[in-house]
Each structure stands twice: as structure tokens, then as C-alpha cells.
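J.: Residue numbers (the working numbering), protein chains in the order written: chain A, 4 to 887; chain B, 366 to 491.
Hints are supplied without guarantee of correctness; some may be wrong.
[Unchecked claim] If you only want the chain A side, here are some residues facing chain B, beta carbon under 10 Å, derived:
#, residue
1, Thr215
2, Leu664
3, Ile667
4, Tyr670
5, Gly716
6, Lys717
7, Thr805
[Stated by the list, open to error] Okay, the calculated bits of chain B under chain A, using three or more residues with CB under 8 Å as the criterion:
#, stretch
8, 379–393
9, 475–487
No lab work stands behind these hints: they were computed from the structure.
Cβ coordinates follow ideal geometry from the N, Cα and C atoms, glycine included.
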Amino acid sequence: MTRSTSAGRPPRLVLRFALYSALALTLAGTGILFVVRHEAQVRADRELTSDATRAAATLSTQLRKADLTEPVTSPERLAALDALFAPELMNGVVRVKLWRRDGTVTYSNDHSLIGTRVDAEELDEVLAGRTVRETGRLNDEGGQGKNIKVTSAYVPLRLADEQRPRGVLEFYNDYGPIEAQVVATVKPIALALGLAFLLLFGSLFPILHQVTKALQHRSDRLAHQAEELERTLNERRQAVAGLREAESRYRALVEQLPLVTYVSAIDKPGFSAYVSPQIDGLLGYSPDEWLATPNLFWRVVHPDDLERVRTEHRTGYATGRPFSTQYRLVARDGRVVWVEDQVIVIADATGAPVQAQGFLLDITHRKAAEVALSESEERFRTLVANVPGVIFRCSIDNDWTMEFLSDEIDELTGYPASDFIANRVRTFASVIHPEDAPRLTQEVEAAVAEERPYTIEYRTLHRDGSIRHVVERGQAILGRDGETKLDGAIFDVTERWTAENERLKLASIVESSDDAIMAASVDGRLSSWNSGAERVFGYTAEEIIGKPIAVLAPPGKEDEQHSLFEQITAGQATAHLETVRRRKDGALIDVSFTFSPLRDASGAVIGASAIAHDITERRSAEAERERLLLELADQNERLRELDRLKDEFVALVSHELRTPLTSIRGYLELVLEEEAGALTDEQRQFLGVVERNAHRLLALVGDLLFLAQVEAGKLSLELGAVDLSAIAAESVETARPLAEERDITLTLATGPLALIAGDHARLAQLLDNLISNGVKFTPPGGRVDVRVKGQRGKAVIEVRDTGMGIPSEEQHHLFERFFRTAKATEQAIPGTGLGLAISKAIVDAHRGQITVASADGGGTTFRISLPIRQAQPTEEEAVEELAL
Amino acid sequence: MTRNGQPLILIADDDPDILALVSFRLERAGYEVVQARNGEEAVQVALARRPDLAVIDVMMPRVDGYEATRQLRQQEETSRMPIILLTARVQEEDIARGFDAGADDYVRKPFSPQELGSRVQAALGR
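All chains, full assembly: derive it from the sequences and hints.
T.: Here is the structure:
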């Protein structure tokens with residue numbers, strides 16, 4: 004706040020305000036008065052002029068010429084004119100004059116003025132035709148009465164039918180009433196203004212007085228403050244002086260400290276505000292150089308640390324908290340100096356960082372010591388890391404809390420050592436096999452109690468789920484903090500353990516082998532002998548171990564044994580050598596020997612292993628097999644011969660049976676046709692029997708040939724689209740005469756059925772066989788019912804009779820060649836036992852199935868189902884497919 | 366064709382009964398018949414007599430029916446003569462062999478003499 008210069012002047016302000024107000028009000032009053040007066044006068048003038056003009060126009064006819072040529076003197080005329088003008092005079096306010104052109108008054112309502120003459124210039128103007136107004140004094144024209152202010156209007160006066168004005172009519176009236184009117188109008192306004200002024204001033208004065216007082220008060224306070232300020236300023240000056248003194252003292256101190264102190268603006272890091280002179284000793288650059296070279300700091304920071312230091316400074320400034328960092332600087336002479344930089348960030352009142360203060364401590368020696376220490380630690384670590392086992396120090400507690408654990412633990416458990424230290428992620432107890440944990444605890448506690456080292460084997464769990472076998476050796480020691488700790492090493496012996504297991508497994512396999520398995524050293528002495536060897540050779544292990552292997556060779560075979568051994572020592576194996584050896588009891592046995600060299604880990608031959616398999620039994624089995632093979636070949640040869648003979652027989656039957664049958668039938672035909680003369684009824688009957696039997700014989704030959712074809716795999720079908728229903732109808736009609744003869748009801752029922760691919764002749768033969776069988780084996784009065792239908796993609800034929808039935812034990816022989824049921828034979832029902840075999844062959848060739856259902860004495864049903872093959876295969880395919 | 370206008374038919378079969386039976390049947394049917402006892406003879410007779418048709422048994426000694434047919438087909442004179450084979454063989458391959466040799470038809474044994482008659486008629490009437 005500035006100091007007020009108007010202090011102590013408030014009364015003047017009030018006066019000035021009052022003066023200005025009064026002035027303004029007076030001016031306003033005057034203005035109003037002027038305006039009102041002017042307005043009133045103008046109005047009065049206008050009224051007067053218009054009255055005069057109107058009067059002039061009215062009078063023009065009533066005035067006489069004489070009234071304007073000579074002053075009116077005759078009393079009559081005066082009275083007449085008085086009467087004429089009386090209405091215009093408005094009770095004396097208006098006065099009238101008539102002027103002659105030369106300025107002589109010819110008439111006035113004030114008779115005394117008649118005859119007076121005035122040189123009035125205005126008259127000429129009026130006479131020229133204009134109306135003139137003027138204000139003057141009554142006595143201006145020589146009156147003797149009260150000299151009052153009047154206003155006049157002059158108008159030209161024309162008599163009737165005259166063009167030129169003959170004289171002038173003057174109306175004039177007293178200005179007094181107008182003035183009175185004005186005064187009356189203005190007086191209340193002036194009063195109001197005065198009153199307003201008084202009120203305004205009266206109300207404003209206390210306020211102004213109050214303000215004045217307040218201003219005065221403030222002014223006083225400011226003056227007081229100014230004094231205070233002055234005093235403080237003086238104190239500050241003294242303090243600054245003291246401070247400077249202190250600063251120079253402290254600076255001297257700071258500049259004596261064995262470290263570099265600096266101040267930097269936050270936006271210009273690198274000692275931009277101050278750096279203590281020790282920097283010269285540290286880096287070889289003087290403080291002035293630092294302040295003059297803004298980027299010097301970043302130039303001396305070691306290039307390897309530059310990026311890190313920049314980042315650290317940036318984040319440190321951003322957080323505003325003090326921070327400390329270590330980095331390298333390169334001195335002017337090239338020395339590398341390690342410094343510790345402790346930085347304090349100074350913020351302004353708003354919290355924005357403005358300055359960084361700090362000091363650099365030379366830690367080059369400390370660093371060197373640290374490096375030396377870490378190198379030594381590293382050496383120790385390397386040593387531990389190279390130990391082929393886990394080195395540890397732990398507490399003796401439930402978790403085996405680890406204080407130290409070498410990295411080898413990662414190999415053993417799949418978890419890093421850091422996981423176990425102080426049980427950070429997991430406890431060491433968690434990787435011990437649960438079954439072994441109690442034993443481990445027990446053993447360790449016992450060893451600690453007896454103050455002896457311990458060795459224990461247990462299992463650990465690997466991250467991948469596998470189990471490792473380890474040996475742990477350890478001993479309790481007294482730790483630095485007085486607590487008893489456990490120091491020790493854990494070795495992974497899984498491989499050794501596995502190898503031992505493997506060895507035991509192999510040994511048991513060797514032991515359980517039927518073969519003789521033995522080992523001999525390079526000098527040929529037996530060193531190992533299994534129970535198989537005991538069995539094969541008759542010697543026990545005790546008897547033979549240590550003896551030369553040559554004892555097994557029979558006399559005359561020793562050389563073979565020697566040469567075998569020479570091969571072995573040369574590293575060559577011998578497999579399946581079949582030779583002869585001698586048992587303990589002297590018996591010779593056939594053996595198959597396999598010799599392999601035994602090598603040590605370096606590959607050198609240290610002996611031989613031998614496996615001897617007793618092949619005496621195999622030898623005799625082989626001989627037997629060879630004999631059987633020969634026998635079989637012989638039998639095959641004979642079978643082939645038989646086959647050939649059968650073919651020949653079939654050809655023979657074909658020709659030699661058919662040819663005579665042809666003659667028999669031919670000549671019978673001739674005789675029956677009575678070519679050789681008329682026949683008696685008896686002759687005809689007998690010849691009928693001959694013909695029927697010839698026909699049976701022919702049928703038998705046909706059946707045999709057919710079966711021979713089937714056997715030879717030469718049955719072929721002539722495939723075509725076949726209507727099974729039609730075939731069944733033909734077969735039924737063929738069998739009908741026989742059925743009627745035997746008093747058997749024969750029926751046929753057919754359902755809707757598609758054409759099937761089949762051999763018409765063979766299928767007809769099939770149905771003939773089944774239907775004639777049914778008729779043959781059904782006693783008189785019975786029935787044979789034939790049904791043909793389609794069912795689930797198959798064509799089904801059923802032939803059901805009410806005949807004698809087939810016992811179940813005979814049913815499975817039914818389709819064999821030449822099989823006849825016991826009853827058929829008993830009852831001498833004619834037949835060869837070939838019909839059903841042929842039927843089955845036909846069904847098989849069509850890839851169908853034939854089944855029989857029967858109960859002894861309860862009738863028989865044959866059921867055939869054939870696949871419905873819509874597509875007709877080509878002939879070749881059909882032959883190939885159906886060949887049996 | 367014979368002098369009296371009857372067709373001449375050669376019958377060849379080694380079985381005299383069948384030979385007589387067939388001859389009798391054909392003669393009664395109005396044909397003239399010459400006989401042969403084997404294949405060799407059948408070829409000689411056919412070349413000598415120029416029959417209108419030959420019925421030849423397949424299974425004959427010396428020269429069988431197939432061979433006789435083949436020889437007759439090679440001769441100019443008998444190359445177009447209809448030949449019916451008589452066969453007791455029923456295998457398809459036997460029938461095929463007959464056609465390969467040049468036969469026009471075949472009749473299986475045992476046959477009805479009446480059936481043979483109608484086959485002969487058919488072969489001549491072609």
C-alpha cells in the first residue's frame with residue numbers, strides 16, 4: 004500500500020463538495036429561470052402578433068381612410084374607435100395605436116398620444132408588408148406615465164380594396180403580468196432546489212465526516228507501519244551484515260572440509276551456483292572454471308556412469324527427497340575418482356525444486372577396498388560353486404532355515420538358492436521326501452547332542468517331480484550370534500543309487516535266466532557263474548569259480564576254446580556258436596555259445612562274458628520238424644495226385660455214365676413212341692419204371708458233377724436280373740403233381756420284392772430241391788407252404804412243411820454231402836443226401852445264408868436270405884467273386 | 366444234297382448205339398445219313414460226301430471232335446458246313462472250346478433224339 008498524501012485534508016474536501024453542489028444548483032436554477040422567461044415571452048409575443056394581425060384584417064373594413072390620414076380628434080370618432088377596439092384591449096392589458104405612414108399617431112386608446120410623431124424606422128419595414136415585434140420601455144416614446152416594460156407588435160393595415168398598406172396598427176401590452184407569471188413559475192423550483200441542496204449536504208456531511216475519520220485513522224497506522232518497517236530494515240541490514248560475516252566464516256570452514264560442497268540451480272546441474280575450492284584438488288578444475296563452464300560436470304562424469312547419473316539426478320530432483328549416489332569422475336590429469344554425491348533438493352514456497360545442494364566425498368580408496376573384498380568373496384563363491392555338492396549353513400529348526408546355500412541347490416531341486424535363504428519363498432524342509440524327514444531330524448539331533456559330525460542318506464524332491472537321492476554330511480557349529488548352526492554339504496548320489504539298482508536288477512535277471520551265463524577274466528579263469536550255468540553244466544559256483552573255462556570243453560575241443568579267447572581279447576564278439584561241451588557228469592551237450600568282451604570304463608578288455616544255451620532239446624525238435632515237413636510234403640504230393648485222379652474220375656463219370664444213359668433214354672423214347680411196334684399197357688408201365696430210374700440216375704450224375712465242380716472251385720454263376728417270385732411259382736408248379744399224388748397241400752405266398760442279381764437256373768434248382776424235399780418228407784394230408792418276400796434289404800425264401808422234422812443233433816450235419824437223417828433211411832425215403840449240400844453251395848455262391856428250424860416231429864422250415872444286389876456286376880467280376 | 370433232294374447229314378460218334386440211334390432218328394425225320402466212327406473218318410467222309418451238316422461227338426478216339434471240327438473248317442469244301450457238337454462235358458470252358466474250334470451249335474449228353482432233330486432242322490434252315 005502506498006502512503007496517502009491527502010491525510011489531514013478532509014474538511015476541505017467537504018467544503019469543496021458543498022461549493023460544487025451549490026454552484027451546480029445555482030446554474031441549474033438560472034438555466035431554468037432563463038428558459039421559463041424566454042418561453043413566456045415568446046408565447047406572449049406570438050399571441051400579441053396574432054391578435055394584431057387578426058385585428059388588422061377585421062378592422063380593414065371598419066376603419067375609414069380619414070382615421071389614417073389625420074389624427075382623430077373628433078370625440079364621436081374617438082368614441083367610435085374606442086368602442087371598435089374595446090374588445091381587443093383585454094381590460095387594459097393591451098394598448099392600441101394607429102400610425103400614419105409618416106410616423107404620426109392618428110389614434111391611440113391613450114388619447115394623449117394622438118398626434119405625436121416618432122421617427123420609427125420599423126414603420127418602413129411594416130409598410131413594406133412585414134410584421135415586426137419589439138420590446139421596449141413605455142416611456143421610450145415620450146410617455147410620462149410609469150415607465151414600464153412593454154412588448155409591441157406592428158402590423159401593416161390595409162383598408163378595404165386597397166393594395167398598399169395605408170398605415171400601421173400597433174398592439175402593445177405591459178410586460179409586467181408575464182414577468183409575474185414567470186416569477187410564479189420559477190419560485191417553487193428555486194425553493195425546491197435550495198431545499199434539495201440543504202438536504203443533500205445535511206445527509207452527506209456525517210458520512211463524509213465518518214470517511215474522513217477512517218481515512219485519518221488509516222493514514223495514522225500507515226505512518227506507524229512505515230516507522231516499523233524502517234526499524235526492521237535497519238535490523239535486517241545489521242543481520243545481513245552479521246550473516247555475511249558468518250557466511251565468510253562458514254565458507255572458510257566449508258572450504259577447509261575434506262570434501263567438495265556445491266550448489267546448483269535445479270535447471271543447471273553441475274555446480275552452477277557454487278562449488279567449494281576443494282574441487283580443484285579433487286579434479287584439477289578451479290571453482291571459477293566450473294562456474295564459467297556450464298557443461299563441465301557432464302564432461303567429467305565417467306562415460307560408463309553418465310547415463311546412470313543423469314537418470315539418478317533427474318529422478319532425485321523430481322521426488323525432491325535427499326538422495327545419495329556413487330559414480331566416477333575423470334580428473335583433468337586423467338585420474339578416475341570415485342565420489343559419493345549426497346544431494347539435498349531445496350524447494351521454494353510452492354514446493355517446486357529450485358536448487359540442489361550437496362557434497363562430493365572422495366571414496367576412491369573405499370571403492371578399491373570394496374572391489375578387493377568382492378573379488379575375494381567372488382573367489383570364495385567360485386570355490387563353493389565348484390564343489391560338486393550343495394554347501395549350506397542353516398538353523399536347526401523345523402524348516403532348516405537357510406543362512407547360506409550354494410547355487411548347486413538349483414541343480415538338485417530346480418529352485419534357486421535365494422528361494423531358501425531365510426525361507427523367503429520355500430523352506431528346505433519342503434523339498435525333503437516326507438518319508439525321510441523324521442529320520443533326518445532324528446539323526447541330526449542325535450549328532451548335535453553328541454557333538455559329532457553326521458552322514459545321512461535321504462531323498463529330495465525336484466521341481467520336475469523326480470526324486471533325487473542325496474548324502475548329507477554336516478556338523479553343528481556355534482554361530483557368531485551364539486546360536487547353534489548346522490554347516491554341511493549335500494551330494495547328489497542319484498546316479499550312483501540308480502546304477503546300483505540297475506546292477507542289482509541285472510544281477511537278478513542273470514540269476515533267473517535259464518541260460519548259463521558266466522564271466523571269465525582275461526586269463527580264462529571263471530569269475531562268475533549263475534544258477535542257469537549250474538543247471539546246464541552240473542557244477543556249482545563254488546566248485547568252478549577260479550577254474551579255467553577250458554574245463555567245459557570236451558577232449559579235442561580245447562583248441563577251439565583257446566582261439567575263442569584270443570578273439571575276445573582282441574575285442575571281437577562271437578555270437579551263437581553251436582558247439583559241444585561236457586557236463587560235470589561227462590555227458591556231452593549241444594550248446595549255442597555267445598562270447599562278448601567285457602570292458603572297463605576306459606574301454607580296455609578285462610575279460611569275457613559267455614552265454615551258453617542248451618540246444619540239445621532244440622536239436623531234437625528240429626530233427627522232428629524236418630521229418631514232419633517231409634511227411635507233409637509227401638502227403639501234399641499224394642493229395643495233388645488224388646486231386647488229379649478225382650478230376651479224371653469226374654471226366655470219366657461225365658462221359659462214361661452219360662453216354663450209355665443217352666442211349667438208354669434215346670431208345671426208350673423210340674420204343675415208347677412205338678417206333679418198334681405197338682406196346683401193351685403192361686409193357687408201357689414197365690418201360691415207364693425204366694425211364695424214371697434212368698432219369699434218377701441222370702439226376703444223380705448231375706448232382707455229383709455239380710458238387711465236383713463246387714469242390715474244384717469251378718462253380719460259376721450266370722448272373723442276371725432274377726424274379727425270385729416267378730422262379731418260386733415255376734418250382735411250385737413243377738412239384739404240384741407229386742404233391743397232389745401224395746395228398747399234400749402246396750401253397751405259395753409272395754410279397755413285393757425287387758429283382759435280384761442271381762443265376763436263374765441255379766436258383767430254380769435250389770427251390771426245386773427244397774420244395775421236393777418238403778413234399779417227400781411230409782406225410783399225406785400235410786402241407787408245404789412257400790413264401791418269398793423282401794425283408795430289410797434281403798430277399799427271403801421260406802419253405803415250411805408239416806413233416807417228420809429233424810432232431811436237433813442231426814441238424815448241423817444237414818448240409819453235408821451224402822448225409823441222410825436216420826428217419827429218412829428207416830422209412831426208405833429215396834434220396835442221395837446231396838440235395839441240401841447243393842442247395843447250400845448255391846446259396847453260398849450267391850453270398851446268402853440258409854438256415855433250418857425244426858423240432859422232432861414238428862415240421863421243418865428252411866429259410867434262405869439272399870442279398871438284393873441291384874447293380875449288376877460284369878461277367879468277369881461275377882465269375883471271380885463267386886468262384887468257390 | 367442227295368439225288369432225291371434230301372439233305373445229307375454226317376454223324377460221327379465212337380459209340381455204335383448212339384450212332385444207330387441218331388441215324389435212325391434223322392432218317393425217320395427224312396434226312397439221308399452217313400456215319401463215321403471217329404474223327405479221322407469223319408473228316409474223310411465229309412470231304413468225300415460233302416454233307417449238308419455234321420453232328421460230331423467230342424469224345425472220340427484218335428482225332429477228337431474239336432480237332433475234326435478244326436480240320437473241316439480249314440478245308441475249302443467244308444469250311445461253311447454247319448457243325449453241331451455232341452458233348453458229355455458240361456463245363457463252360459468245354460463249350461467255349463467247341464465254338465473256338467468252329468462249331469455252330471452244341472447239344473449236351475444225355476440228349477433227347479427229338480431235341481437233336483429240332484436243332485438240326487434249325488441249323489439247316491438258317
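J.: For which of the previously enumerated hints does the structure constitute a violation, in increasing order of number?
T.: Hint check: 1, 5 and 7 fail, others pass.
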